[in-house]
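Number 39 in our numbering belongs to position 39 of the sequence shown; there are no gaps in the numbering.
Source of the hints: derived by calculation from the structure; they are not laboratory data. Mixed in with the good hints there might be a few duds.
Unchecked claim - If you anchor each label on the Cβ, the simulated ranges turn out as follows:
| # | residue 1 | residue 2 | range |
| --- | --- | --- | --- |
| 1 | Thr60 | Val25 | 16 to 24 Å |
| 2 | Asn43 | Gln11 | 13 to 21 Å |
| 3 | Leu21 | Val51 | 17 to 25 Å |
All of these numbers come straight from a predicted model, not from anything done at the bench. Every residue, glycine too, gets a C-beta built ideally from N, C-alpha and C.
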Amino acid sequence: MKRLSLVFRNQTEGSSLRINLNDPVDPIDSAALQSDAQLLIDNGLIPAGYVFDEAKVIETNTNVLLDLIQ
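Use the sequences and the hints to build the structure in full.
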């Protein structure tokens, strides 16, 4: 499973806000991503004082070791 994780940071308080999106498009256009992140801020979907800091693609794999009740 792939997830796109967007991190916004409050520069005065040092706190962060993370938004995770499942199944991002591939490849990701970094310029469009920055523009879209700024749109979230401009439209008030991200609290005031936060700025876009980073984006990561996170991939996870799950291996079932036991499944006792099927």
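Hint check:
| no. | hint | result |
| --- | --- | --- |
| 1 | Thr60 - Val25: 16 to 24 Å | 18 Å, holds |
| 2 | Asn43 - Gln11: 13 to 21 Å | 20 Å, holds |
| 3 | Leu21 - Val51: 17 to 25 Å | 19 Å, holds |
Hint violations for this structure: none, all hints satisfied.
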